[in-house]
Amino acid sequence: MTDILVPQGQWEPDQEAALATWLYGEGEAVQKGVTVAEIMVEKTSFEIPAPASGALSISVREDEIVLPGQVVGSVE
Amino acid sequence: MSLHDVAVEKPNVERRLTIAKAMSEAIGQEMEQDPSVLVMGEDIGKMGGVFGTTTGLFETFGGDRVRDTPISETAFIGAAVGMAASGMRPVVELMFVDFFGVCMDAIYNLAAKQSYFSGGKVSCPMVLMTSVGGGYGDAGQHSQCLYATFGHLPGMKVVIPSNAHDAKGLMLSAIRDENPVIFMFHKALQGMGWLGTVAGSINDTPESEYLVPIGKASIVREGGDITLVGLGATVHQALAAASNLHDAGIDAEVIDLRTISPLDRETICASVSKTGRLLVVDDDYLSFGIGAEIIATVSEALPGPLKCPPQRMAHPDIPIPFTPVMEHFLLPDAGKIESRVIAMLGEKK
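Residue numbers (this note's numbering), protein chains in the order written: chain A, 1 to 76; chain B, 1001 to 1349.
Any given hint might turn out to be false.
[Unchecked claim] So the derived label-pair ranges between C-beta atoms look like this:
no., chain 1, residue 1, chain 2, residue 2, range
1, A, Gly9, B, Tyr1136, 24 to 34 angstroms
2, B, Ala1301, A, Gln8, 55 to 65 angstroms
3, A, Gly33, B, Ala1248, 34 to 44 angstroms
4, A, Trp11, B, Asn1109, 39 to 49 angstroms
5, B, Asn1109, A, Ala55, 25 to 35 angstroms
6, A, Trp11, B, Thr1297, 24 to 34 angstroms
7, B, Ala1301, A, Thr2, 34 to 44 angstroms
8, B, Thr1060, A, Gly25, 26 to 36 angstroms
9, A, Lys32, B, Pro1309, 46 to 56 angstroms
10, B, Asn1109, A, Ile65, 46 to 56 angstroms
11, B, Lys1121, A, Thr2, 51 to 61 angstroms
12, A, Ala29, B, Lys1274, 45 to 55 angstroms
[To be verified] Straight-line C-alpha distance at most 30 angstroms; calculated BS3-like pairs for lysine-lysine:
no., chain 1, residue 1, chain 2, residue 2
13, B, Lys1121, A, Lys32
14, B, Lys1274, B, Lys1216
15, B, Lys1274, B, Lys1121
16, B, Lys1046, A, Lys43
For the record, the hints were derived by calculation from the structure and aren't laboratory data. Think of the CB as a built atom: it goes at the ideal place given N, C-alpha and C, for glycine as much as any other residue.
The following block holds chain B by itself, in its conformation from the complex (with noise of 0.2 angstroms):
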């Protein structure tokens, strides 16, 4: 199935939503046409889910379809991973990231390697959606993005949508995907009054269904200077630094990778090539991250020296602290982003 990613399209009065309503609308329009879409998690029955990401889908399609589960995510990914073998297409949620490790077997030695074991015959289509990210004082087992943790293990594509727009098409292509796809969703993007919301995630959402594809990298704002990647949270950061920068003369060209699984190395380069900068800036840790996966590949694609060495920024190596003036002390920021951009373009100002 191809359709197209409709993001050039603006209708005449926009129709935002909130990525927590745009992921359960997907699921919901996929459900309605699909009977072997099924979801499962904790809380996503009745309450909607903890995160929005199920809203009004236990009164539509009932609780055999939508299925709240006990704290058990070694059950009922497990259960998943056997039901996408034969022939459901399961949505599921690890509400937190965090909690991978209880249920790590069945993602990367089940889920993942279904395909690669059985030479193709049997497949995973199935959807792991996970929140993400810190900022709002939840310490370091509710804060955490482990972005290359799963970035790192093959069989997986792992996707995150910095907006509403890219949420829904993302989703839809993952539920269609045949293998399993890991649907990251940041908190500090998601639509939920508890933890705040960055306005710019909140975007015109078309009603009707579309695909963004996985494995596509976005470029969000054009610029000639530097290349800024982001994903997540750290796009609209990057962003929000770029329009200061403007202002002080420097234009930065902002990519949003959308997909951590395949990296679009391709995009990447291209716009490394045309900028000769590039600094990276995600919220996981800093060491073995996407930052260092990102500057590597450039480093390897491209011919010439750049104008200044490629640069990182990330969550230094410890775990997030509770506290929030050393949290946000620690994570990155658009004031951050400004400084290093600022620095590194030094000989250039």
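In isolation and in its complexed conformation, chain A is listed as follows (with noise of 0.2 angstroms):
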């Protein structure tokens, strides 16, 4: 199992950053590279690419605010 995790250093730490959307469901195939999810921070979207290929588990709901380094699902 892999973790996804938020990206680091892409902003500024004062800036909220909400996990936008889940461009794959739960149990859906992913591979390695692809964009999953999608990170807002004040009308820019930030990339979350798929860590491994495989099933992917979602931890973290769309509108969540979410902060660098934070696990937001997996790929088994």
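Fit the two chains together into the complex; they arrive one by one in their own frames, and the hints show the way.
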């Protein structure tokens, strides 16, 4: 199992980031490198690539606030 | 050029994109192979577009080809018409279609007529991409669709994708077209978190280039009881309604227009010939709109009477309200479509 992490160092620490969109649903197959989710920081989006290939497991829902380095899901 | 629409090819694992990413990927790929393609607009440079339409292009191609403009639609859209006349292929962004007022002369008197007025000697290969649609409480000057306003004027093609796959293929077709193309994209489908996104708009989008033909609608669900025609966001509402109606024993066929002008009248008429019933759903103003044009088309073309009078659903003829309660009461949605269809099929059930 590989954790999916919110990227670090891409926006200022005082900016609020939210998990905007999951591009795949719970349990769906993803391939390493595809964008699985997008983070929105003040109307600018940042991508989270799949860290591995496998079935997606989601632990943070859309619209929730996230912090850099936080685990938002995993691939198994 | 005629690359095939690869909608039918399914790779093992899907590569899903949002419409925003699909649009910027298409523009980037075209800029890569055609030095005459460039982008202009407000906040389309470093910011990547308020709706993500030019994400990453500034970093790849630089400020000369991805040019931020002041709030000056009259100037930069007028400039694009001149660029298109002199061999370039500009893609310009009108951030909200609601702002068309200040630049409409450049659009419908210059761009749309350039080819006609020059006897076909000077074409106008430009793309004007613009956001449409409400539903998120942005009031009457940031929520309109104006499909019919643009569809009514000859000399321009007008397209609107309902999903990322079509967005990419339509954008490539639009940039390569010798005519001005108005490329509308619906905010509710764009994949920008702050607007919410309809999941169905995020779909498998091949990295390789492919064209979705302008002027060809798509049957996104087959059925025999009624034809539902939608575009952009209302395609997804119609699909959701069709799914519920199926459980109630009604099989709805759903058509995604994809292009407003030229309208794919053949696909619509063929479907209504089969089903005998028609409901057109759009989120533009009701009167003189898409629904009226499609119902007129069917009435003119089909010989026999339909099984019930054709109907249309749209936003009523008042400015779109700011208050969410009022806005959602007026805009079409899946529930309203479902009830209307049940009312139309009353005698059948």
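Hint-by-hint comparison with the structure:
no.	hint	result
1	A:Gly9 to B:Tyr1136: 24 to 34 angstroms	31 angstroms, holds
2	B:Ala1301 to A:Gln8: 55 to 65 angstroms	60 angstroms, holds
3	A:Gly33 to B:Ala1248: 34 to 44 angstroms	43 angstroms, holds
4	A:Trp11 to B:Asn1109: 39 to 49 angstroms	44 angstroms, holds
5	B:Asn1109 to A:Ala55: 25 to 35 angstroms	56 angstroms, violated
6	A:Trp11 to B:Thr1297: 24 to 34 angstroms	50 angstroms, violated
7	B:Ala1301 to A:Thr2: 34 to 44 angstroms	57 angstroms, violated
8	B:Thr1060 to A:Gly25: 26 to 36 angstroms	31 angstroms, holds
9	A:Lys32 to B:Pro1309: 46 to 56 angstroms	54 angstroms, holds
10	B:Asn1109 to A:Ile65: 46 to 56 angstroms	48 angstroms, holds
11	B:Lys1121 to A:Thr2: 51 to 61 angstroms	60 angstroms, holds
12	A:Ala29 to B:Lys1274: 45 to 55 angstroms	36 angstroms, violated
13	B:Lys1121 to A:Lys32	50 angstroms, violated
14	B:Lys1274 to B:Lys1216	19 angstroms, holds
15	B:Lys1274 to B:Lys1121	43 angstroms, violated
16	B:Lys1046 to A:Lys43	13 angstroms, holds
Hint compliance for this structure: hints 5, 6, 7, 12, 13, 15 are broken, all remaining hints hold.
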